[in-house]
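Chain Z with the ligands: place on chain H using the hints.
Quick mapping for you: the protein sequence lines, in order, are chains H and Z. Taking our numbering, the leading residue of the first sequence gets 4, the next gets one more, and so forth. Taking our numbering, the leading residue of the second sequence gets 11, the next gets one more, and so forth.
By construction, these hints were calculated from the structure, which means they are not laboratory data. As the structure is a computational prediction, the values presented were derived from the model and not from experiment. Don't be surprised by glycine CBs; every beta carbon is placed ideally from N, CA and C. Be careful, since some hints might not be right.
[To be verified] In the DSBU-like style, the derived pairs of lysine-lysine whose C-alpha atoms are separated by at most 35 Å in a straight line are:
no.	chain 1	residue 1	chain 2	residue 2
1	H	Lys380	Z	Lys152
2	H	Lys380	Z	Lys106
3	Z	Lys37	H	Lys22
4	Z	Lys37	Z	Lys96
5	Z	Lys152	Z	Lys29
6	H	Lys22	Z	Lys125
7	Z	Lys152	Z	Lys37
8	H	Lys380	Z	Lys96
9	Z	Lys152	Z	Lys125
10	H	Lys381	Z	Lys96
11	Z	Lys140	H	Lys22
12	H	Lys381	Z	Lys106
13	Z	Lys114	H	Lys380
14	H	Lys380	Z	Lys277
[Said to hold, decoys possible] Which stretches of chain Z does chain H cover? Using the computed rule of at least three CB atoms under 8 Å from a CB of chain H, they are:
no.	stretch
15	61 to 68
16	74 to 86
17	100 to 112
18	115 to 124
[Stated by the list, open to error] Have a look at the derived ranges for each label pair, beta carbon to beta carbon:
no.	chain 1	residue 1	chain 2	residue 2	range
19	Z	Ile279	H	Pro228	55 to 65 Å
20	Z	Lys96	H	Met324	21 to 31 Å
21	H	Thr373	Z	Leu28	26 to 36 Å
22	Z	Asp296	H	Glu217	51 to 61 Å
23	H	Leu41	Z	Leu28	47 to 57 Å
24	Z	Arg120	H	Pro264	46 to 56 Å
25	Z	Arg120	H	Ser382	29 to 39 Å
26	H	Ser382	Z	Asn20	48 to 58 Å
27	H	Gln297	Z	Tyr205	28 to 38 Å
28	Z	Asn50	H	Lys380	23 to 33 Å
29	Z	Lys96	H	Val374	28 to 38 Å
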Amino acid sequence: MNILIRIYAIFSKELIQLKRDRMMFGMVVVIPLIQLMLFGFAINTNVRHIPVGVVDYSQTGLSRVLIQTISATQVVKFTEQYTTVQQAEAAIASAQIRAVLVIPKDVSQRVVRHRSIGSGSPASSDEETSRPIAQWVVDGSDTMISAAVKSLRNMPLAELLSKPVNRSTPTFEVTLLYNPEQRTAVNVVPGLVAIILTMTMIMFTSAAIVRESERGNLEMLITTPVRPLELMIGKIIPYIFIGALQVVIILGLGKAVFNVPINGSLWQLAAATLLFITASLSLGLVISTIASNQLQAMQMTLFVLLPSILLSGFMFPYEGMPEVAQYIAEALPATHFMRLIRGVVLRDVQIIHMTFDVYWLILFTFAGLTVASLRFKKSLD
Amino acid sequence: MSQYVINASNLSRNFGDLKAIQNLDLKVEKGRIYGFLGPNGCGKTTAIRLLTGLLKPSSGAVQVLGFNLPEEAEKLRLLIGYMTQKFSLYADLTVKENLRFIAKIYCLSRRSQEKRIDELLHTYGLQQQKNQLAGSMSGGQKQRLGLSAAVLHKPELLFLDEPTSAVDPENRRDFWEQLFDLSEQGTSILVSTHYMDEAERCHKLAILENGIKRADGTPEELMQQMGAHVVEVSSLNLRQLKRQLVNLPDVITASQLGARLRVLVKKSIPDPLAFLSSQSGIEIEDTLSLVRPSLEDVFVTCTGAGRQ
Ligand SMILES: Nc1ncnc2c1ncn2[C@@H]1O[C@H](COP(=O)(O)OP(=O)(O)O)[C@@H](O)[C@H]1O
Ligand SMILES: [Mg+2]
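Chain Z extracted, bound-state conformation:
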């Protein structure tokens, strides 16, 4: 087996005329947390379904853990875990009944079943809820139950589809701690998200837009290689200044952050500070400073999300 747990090349999937995934090349290394970052409808779920063998690709080849999909999808089942975007355990079963069901489906022996379930209830803080109906739990609890069920059989590779979309920030932080624990134990993880701060935690990530991968790499690489300078401008008349700047062909986008305007200027401009100072609308007393790009800047530059 190669060093890659996922190796997809030229992967495409159409729904009728809609190109949900176009020519996706993807290499995910073993033991890493790999992120899919993109807005709703960009094809994250479709990509994960292609990589788990739930959907057949229209064209292209996928190898997951050395198995060719979709032909060998059945052999993969024991080795992967999948937490769906929508809660997909049984709402009318209790937490423990749900976990027991999954344990039996994976044919764990009765003794190891109970041991593993206790372990999971403990790790994911569900002991109090163990006899509660899954449907009556909060978003965070459901998410932890979903994760417990997905990792119950100790898969080598874990797919998580927007696991934190119904969860408050504190629970999100805890959740990521648990992902790093899993990663440390050797589990490879592919996670989709539309939160920048989550994407920044991934070892590597791919930015998706309209089914097309716009960029990939570690968060640092992406920020360094970004095709733009980031300049923050403090000025009085920010709304008007923004309207003026975005019309310039060399300005990618400008967005207001409180009393400052964050302006992305194309890399082709050698001295962005001088370039902006020379624009009318910028006064002498305004301060301009070059700042370190954030992942959001990368995202906006790659996808052109700010160019409307």
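With the rest of the complex left out, here is chain H:
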């Protein structure tokens, strides 16, 4: 009973302080807004309108039609013309363009003999048909850009000669579930929930406790009957609500602005979020027992935040990471929550069916709480 009264005392005190802390209140709302806009609009893996140049050695009607056909895909945008390949490569080096299309003098013959469109007359040898129509020279340093240009390799060219498309049957048929239009925001917005909660939850809790010792309140607190665990629980409860508020902001705006659907049930979403918030809060508590001031707490938060952004599957698929990185990723709560929330929001999964991630978050929370209350000593030593 007394335990509950003391937890309530800490909790209500924390609420009053939060209410008066305008800066903090602003961060609660502004951080998700800014991040959502930044990541929602800026991160786009469907690359479009890459500025490219052309070196046209043939200067025929056919080459101009070819350029127009490629432009029509919107993947690239022809902005410059060069007379030699050397000039074009210099332009790539100075980043004026990202790639250049080199159209050879004999482009007409090549088109006619090309297997996918050519009628095969005059009959061509195998070697001749295997020759491509033209060449792309690409700035390969950005893999996303080069992949986009590479995707043009197999574009159908039948309309070049106004012939019916002679498309061979693909080896595989691909059906895209959950995000058929392949919009990046659909994947990014739920992931962003994980990133923003990692950032704010760890930062707020670690700072909240460190602030007590920084401002000298701790010396008064530890002479009272408050126990460490009571102090910690009382301090983190308000942040659970703040975390929930942020989730509502992100997913609500995600739906309104980026049209990201919420396919799963809200209960599943709430359960997954609560698991992750408590895990992050307990990590924040551990940090607070190590850091001696708010700056250190902030730095340690960054130390957790960076791998969470890079390795959790938010930016890059988990499957593509080297084994070591995968081990680190498995240790981070964000990775497990990333799977859960994408599962719930996009695929309407029941989190009960993702046992490993659920158990891991629960385990992490208890481990964190135990370490934090063992480390938090009621003395100044």
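The following block gives chain Z with the ligands in isolation, referenced to the frame of chain H:
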């Protein structure tokens, strides 16, 4: 339980190589105001932290209210109050919110909470400020709030660490009145200070220097047992006379008070007036008189503060 609320023996505490407290023996009687007198950095705060269980001693034993520290520190919490040297309540909470927080922490029932808080606001003159943010109050008001919070749960033993260092003389006088009221109601108090006049108000005090207790007793005892005679000299050329006298091995110190020089002469000199008159530099027309020692004289004699 013994008659002592605090009973420490051979208490020491080091911070690395620094000996903050060395072999402190301390006995504080119930219902008394006990003072720690000493300059900044002498170990007053460290001693109080050791006695409240906030710091673990490097060696030695402490019993406070019959509990062994630091093992039984938790049991002590309900029985002691501690007002820290630095204001340690919440600056972004109002006076009333701060007191309510403390009341809840000590699990007072809702009704007794409000009653006790009203009582404290009245006793310590904070009614006008009750809805003011604690951080925006004056030094004296903060100090009264600190005291209210420390005594809210009616502790048997109260620790006050330099409670009056940010307070004007008038507020200091009022503050001591309140301490005597608490003492009369049966609260034992341990207070640290670097003001002589405050130390003189204590029932008993200990003089600390560099972590070592140099003397203890009632102010009167300390003044009587002091190892020096106090002589006041009126003379024309005081600055030069002072420089001359302090070089004598039997003179502990000399300090100027307006037109007089206050000279501490070692007890081993049987007739200090004759001893001083015989010194060159003292003229016939100069007057010498033996005066009653003050606590400052005791302090200077014990600590050797004047011997540079
Ligand atoms: N946590 C600590 N770590 C290291 N040194 C300390 C610590 N606390 C106090 N000290 C040192 O111990 C000595 C006594 O300090 P303190 O008890 O605060 O003195 P006072 O309260 O009388 O001014 C000082 O020299 C101080 O620098
Ligand atoms: Mg001090």
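A quick look at each hint next to the structure:
For a cut-off of 35 Å, the pair hint linking H/Lys380 to Z/Lys152 stands: about 28 Å separates their Cα positions. At roughly 29 Å between alpha-carbon atoms, H/Lys380 and Z/Lys106 fall within 35 Å of each other, so this suggested pair holds. Only pairs whose Cα atoms come within 35 Å are accepted, and Z/Lys37 paired with H/Lys22 is rejected, the gap being roughly 47 Å. Of the supplied pair hints, the one linking Z/Lys37 and Z/Lys96 holds, its CA atoms being roughly 26 Å apart against a limit of 35 Å.
The suggested pairing of Z/Lys152 with Z/Lys29 holds, with an alpha-carbon distance near 32 Å, which does not exceed 35 Å. A threshold of 35 Å between alpha carbons decides the hint, and for H/Lys22 with Z/Lys125 the separation of about 27 Å falls inside it, so the pair holds. Restraint check: the Cα-Cα separation between Z/Lys152 and Z/Lys37 comes to about 30 Å, which is no more than 35 Å; the hinted pair holds. Between H/Lys380 and Z/Lys96 the alpha-carbon distance is near 21 Å, which keeps this suggested pair within the 35 Å criterion.
Between Z/Lys152 and Z/Lys125 the alpha-carbon distance is near 21 Å, which keeps this suggested pair within the 35 Å criterion. For the suggested pair H/Lys381 and Z/Lys96, the alpha carbons sit about 18 Å apart, so the restraint of at most 35 Å is met. For the hint pairing Z/Lys140 with H/Lys22, the CA-to-CA distance comes to about 19 Å; that is within 35 Å, so the pair holds. A distance of roughly 26 Å separates the Cα atoms of H/Lys381 and Z/Lys106; the hinted pair therefore holds under the 35 Å criterion.
Among the hinted pairs, Z/Lys114 with H/Lys380 is consistent with the structure: their alpha-carbon atoms are about 22 Å apart, no more than 35 Å. The suggested pairing of H/Lys380 with Z/Lys277 is violated, with an alpha-carbon distance near 51 Å, which exceeds 35 Å. Look at the stretch 61 to 68 of chain Z against chain H: 5 of its residues bring a Cβ nearer than 8 Å to a Cβ of that chain, three or more, so the hint holds. Restraint check on the stretch 74 to 86 of chain Z versus chain H: 3 residues with Cβ-Cβ distances below 8 Å, three needed, restraint holds.
Residues of the stretch 100 to 112 of chain Z with a Cβ under 8 Å from some Cβ of chain H number 7, which satisfies the need for three, so the listed coverage holds. Restraint check on the stretch 115 to 124 of chain Z versus chain H: 3 residues with Cβ-Cβ distances below 8 Å, three needed, restraint holds. Range check, Z/Ile279 to H/Pro228: about 57 Å between beta-carbon atoms, so the 55 to 65 Å window is met. Z/Lys96 and H/Met324 have their C-beta atoms about 49 Å apart, which leaves the hinted 21 to 31 Å range violated.
At roughly 34 Å, the beta-carbon separation of H/Thr373 and Z/Leu28 lies within the given 26 to 36 Å, and the hint holds. Separation of Z/Asp296 from H/Glu217 is about 58 Å and conforms to the stated range, judged on CB atoms against 51 to 61 Å. Distance hint check for H/Leu41 and Z/Leu28: the Cβ-Cβ separation is about 51 Å, which falls inside the suggested range of 47 to 57 Å. Z/Arg120 and H/Pro264 have their C-beta atoms about 48 Å apart, which keeps the hinted 46 to 56 Å range intact.
The hinted range of 29 to 39 Å is satisfied by Z/Arg120 and H/Ser382, whose Cβ atoms lie roughly 32 Å apart. Between H/Ser382 and Z/Asn20 the beta carbons are some 21 Å apart, a value that contradicts the proposed interval 48 to 58 Å. Remark: the range hint 28 to 38 Å for H/Gln297 to Z/Tyr205 is upheld by a beta-carbon distance near 35 Å. Take Z/Asn50 and H/Lys380: their Cβ atoms lie about 27 Å apart, and the range 23 to 33 Å holds.
Between Z/Lys96 and H/Val374 the CB atoms are about 29 Å apart, so this pair conforms to the stated range of 28 to 38 Å.
In this structure, the hints that do not hold are numbers 3, 14, 20 and 26, in rising order.
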